[in-house]
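Novice: Residue numbers for the sequence shown, in UniProt numbering: 1 to 233.
Source of the hints: derived by calculation from the structure; they are not laboratory data. Misleading hints may appear alongside valid ones.
[Unchecked claim] In silico SDA-like pairs for lysine to any residue, Cα to Cα no more than 20 angstroms straight-line:
#1 K215 with P108
#2 K215 with L225
#3 K215 with V183
#4 K215 with S180
#5 K215 with P162
#6 K215 with R116
#7 K215 with T230
#8 K215 with T165
#9 K215 with Q129
#10 K215 with F157
#11 K215 with T156
#12 K215 with G177
#13 K215 with D93
#14 K215 with D190
#15 K215 with A124
#16 K215 with R227
Keep in mind the model is a prediction, meaning the values are calculated, not measured.
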Amino acid sequence: MTTPPKSDADYPQMAAVRGRIEPSPRRVRGFLGSELVFDTTSARYVWEVPYYPQYYIPLSDVRADILGDIPAARVFDDGAHAGHVRFRWDTLDWFEEDEPIYGHPRNPYSRVDALRSHRHIAVALDGVQLAETRCPVLLFETGLPTRYYIDRTDVTFEHLEPSTTQTLCPYKGVTSGYWSARVADGLVADLAWTYATPLPAVASIANMIAFYNEKVDIAVDGVQLARPNTHFS
Numbered sequence: 001m002t003t004p005p006k007s008d009a010d011y012p013q014m015a016a017v018r019g020r021i022e023p024s025p026r027r028v029r030g031f032l033g034s035e036l037v038f039d040t041t042s043a044r045y046v047w048e049v050p051y052y053p054q055y056y057i058p059l060s061d062v063r064a065d066i067l068g069d070i071p072a073a074r075v076f077d078d079g080a081h082a083g084h085v086r087f088r089w090d091t092l093d094w095f096e097e098d099e100p101i102y103g104h105p106r107n108p109y110s111r112v113d114a115l116r117s118h119r120h121i122a123v124a125l126d127g128v129q130l131a132e133t134r135c136p137v138l139l140f141e142t143g144l145p146t147r148y149y150i151d152r153t154d155v156t157f158e159h160l161e162p163s164t165t166q167t168l169c170p171y172k173g174v175t176s177g178y179w180s181a182r183v184a185d186g187l188v189a190d191l192a193w194t195y196a197t198p199l200p201a202v203a204s205i206a207n208m209i210a211f212y213n214e215k216v217d218i219a220v221d222g223v224q225l226a227r228p229n230t231h232f233s
């Protein structure tokens, strides 16, 4: 039996590492406005970062007449990616099969579960309570700490200021709101968010509010959690 490497994190880490290349079994399409740029069932997953892959598209499946209109496209002539094209994500509208995807491709090694709970969750910042609940929804996402989604009625909004920030997630959808917190004459930017219409797989988090564990102090059943160090820190 192989002993897994020790990690200081209390949540599962990603199964893939930077540089990994694998085939994708999904039909992937990209549109520039209303124009179809490519349609392929032979896309590659390429892990440029450990958290999620990027799609590399076979050049043979890309429309040559429109490729020149996309400056943020890189065609590989040699090396491990020869004969493939990498498009900058935000230049196209992307689909896996007939479903739109946001932010980046879904990681085939990631799992996202939203589970109702009766654990006691308390959220504070510099000693100021921001939220407290006994009926959260816990969202477990591979490679990230547990996110605690809280009903709006259990959030103290007097310390929160709306933000114009919007983020995209291929597992949860597009955020509908962000908040910063002002306590002790200081502002901590974008530490809470919500999804009004999350994707069906996590529908139970709709209109609930979560806080970045990395930016606030969270206690679960009276036990204070250490602030994790992630790419959101």
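Novice: Checking each numbered hint in turn, tell me which of them this model violates, lowest number first.
Specialist: 1, 6 and 13
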